[in-house]
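Line by line, the protein sequences are chains Z and D.
Using this note's numbering, the letters of the first sequence correspond one by one to residues 59 to 184.
Using this note's numbering, the letters of the second sequence correspond one by one to residues 125 to 434.
It cannot be assumed that every hint is accurate.
What the hints assert, rightly or not - Calculated cross-link-like contacts (lysine to any residue; reagent style SDA-like; alpha-carbon spacing at most 20 Å):
#1 D/Lys218 to D/Lys252
#2 Z/Lys158 to D/Lys218
#3 Z/Lys158 to D/Thr351
Claimed, not checked - Only part of the chain Z face toward chain D is listed, based on derived beta-carbon distances under 7 Å:
#4 Asn92
#5 Ala95
#6 Arg140
None of these hints come from the bench; they were simulated from the model.
Note that beta-carbon positions come from the ideal geometry of N, C-alpha and C, so glycine has one too.
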Amino acid sequence: MDESRPIFQQIAEQIENDIISGALPEETQVPSTNEFAAFHRINPATAGKGVNLLVDEGILYKKRGIGMFVAEGARARLVAQRRDQFQSQYLAPLLAEATKLGISPDEVAGMIQTTQSTTTRKAGAR
Amino acid sequence: MSAVVEVSHLSKHFGSVDAVTDVSFTLEQDRIYGLLGRNGAGKTTLMQLLTGQEFASSGSIRLFGEPPVENAHVLERTAFIKESQRYPEDFRVKHVFRTARWFFPHWDQAFAEQLIADFRVPLGRRMKKLSRGQQSAVGVIVGLASRAPLTFFDEPYLGLDAVARQLFYDRLLADYAEHPRTVILSTHLIDEVSNLLEHVLVIDDGQLIIDQGADELRGAATEVTGTRAAIDAFTTGRTVLHRSAIGGLATATVSELDEAGRVAAVAAGLELGTVSLQTLIVRLTTSDPASAASAEAQITHADIESEARA
Chain Z
59 MDESRPIFQQ
69 IAEQIENDII
79 SGALPEETQV
89 PSTNEFAAFH
99 RINPATAGKG
109 VNLLVDEGIL
119 YKKRGIGMFV
129 AEGARARLVA
139 QRRDQFQSQY
149 LAPLLAEATK
159 LGISPDEVAG
169 MIQTTQSTTT
179 RKAGAR
Chain D
125 MSAVVEVSHL
135 SKHFGSVDAV
145 TDVSFTLEQD
155 RIYGLLGRNG
165 AGKTTLMQLL
175 TGQEFASSGS
185 IRLFGEPPVE
195 NAHVLERTAF
205 IKESQRYPED
215 FRVKHVFRTA
225 RWFFPHWDQA
235 FAEQLIADFR
245 VPLGRRMKKL
255 SRGQQSAVGV
265 IVGLASRAPL
275 TFFDEPYLGL
285 DAVARQLFYD
295 RLLADYAEHP
305 RTVILSTHLI
315 DEVSNLLEHV
325 LVIDDGQLII
335 DQGADELRGA
345 ATEVTGTRAA
355 IDAFTTGRTV
365 LHRSAIGGLA
375 TATVSELDEA
385 GRVAAVAAGL
395 ELGTVSLQTL
405 IVRLTTSDPA
415 SAASAEAQIT
425 HADIESEARA
């Protein structure tokens with residue numbers, strides 16, 4: 059857990075990540091609040107807050123007496139959300155660091171191309 | 125949620141020493157609280173007052189809606205695990221557990237036995253022959269297995285090794301999840317327990333200085349680092365909890381930095397860092413040099429007096 063941000067947000071984010079990666083497919087049950095609490099060694103109320111955040115957003119839904127499930131269409135919605143945030147969360151800090159080092163946006167674009175082709179080659183070799 | 129503990133304008137002084145000064149707060153049912161503060165801040169006194177082991181100088185205390193002093197109805201629902209619990213001279217470990225069953229109506233013997241095995245406590249040994257860590261383990265087991273609706277742990281981990289402390293935190297969380305109750309953890313090891321806490325009370329010099337949710341406290345302060353000039357410019361008009369500098373670089377801990385403030389900091393070329401709960405509390409309870417010096421002078425004065433008496 060990262061100390062700077064509320065833990066319940068981090069729990070929500072991890073569940074989101076698992077939904078995006080496919081580790082938690084739609085219509086499957088997510089671990090219970092107490093399971094999250096024991097696994098991450100956090101207060102169950104905090105874990106519950108993270109889960110409820112996603113219930114409020116319609117990413118998870120509650121089946122009475124059974125538990126929490128991933129809603130239909132949750133993955134597509136999360137991916138859309140994350141794409142919207144990509145520029146501010148990833149590109150802005152990248153360009154800020156580049157500017158500090160005197161790397162022009164064009165050079166950054168070139169580096170992205172090179173990195174992309176080397177990683178694809180490595181992945182292909184595997 | 126109903127209040128399990130209600131404290132209003134509570135003060136306690138021992139002679140001329142103010143141990144607790146005008147403290148008011150409520151503790152809600154089934155939450156884990158952290159009672160944090162420096163040595164001598166008044167944590168133990170506060171817990172002794174709450175559990176009816178000390179009389180208040182002024183103010184009122186209600187546990188489960190009733191005053192705790194000499195009130196069996198309240199005290200049987202309250203467990204107070206002290207850092208230095210004393211036992212009758214001949215007590216062996218098994219006697220402690222046998223006695224605990226009489227006091228706590230919710231005592232769970234099977235859970236106690238599981239914990240005794242987990243912590244490897246020697247049942248037949250005399251209490252006074254136990255190591256510091258084993259004594260602490262006995263206290264932890266009594267505190268957990270009593271399942272008291274209101275449980276106080278006052279520095280329960282003294283002498284416990286890292287493995288045993290982790291065991292304590294894990295068992296506490298697991299059992300709390302199944303049998304919710306109100307828990308107050310008084311501790312110095314803030315980083316170790318910060319994720320277990322739902323709410324934090326910080327007491328400093330007898331006064332309650334923080335009464336806030338753990339999540340709100342996390343991120344209540346931010347560390348900014350940059351050139352001295354940039355830090356000076358940025359911190360003007362902001363609340364600075366701490367400041368240090370090395371060469372041309374400076375670091376400042378700033379409270380309540382909002383999104384606009386973060387953007388401004390990044391625009392000014394500053395690096396943003398995080399402040400852990402422990403660091404935040406250290407920053408908030410470190411007195412400024414002037415008052416620290418006067419406190420030291422007082423201690424020296426008292427020392428001289430007691431030496432003179434001796």
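Hints and how they fare:
1. D/Lys218 to D/Lys252: Holds: lysine 218 of chain D and lysine 252 of chain D sit about 13 Å apart, inside 20 Å.
2. Z/Lys158 to D/Lys218: 67 Å, violated
3. Z/Lys158 to D/Thr351: 14 Å, holds
4. Asn92: 4 Å, holds
5. Ala95: Where the cut-off is 7 Å and the nearest Cβ of chain D is about 6 Å from alanine 95 of chain Z, the hint holds.
6. Arg140: Cβ of arginine 140 of chain Z sits 19 Å from chain D, so the hint is violated.
This entry does not satisfy hints 2 and 6, going by the numbered hints stated previously.
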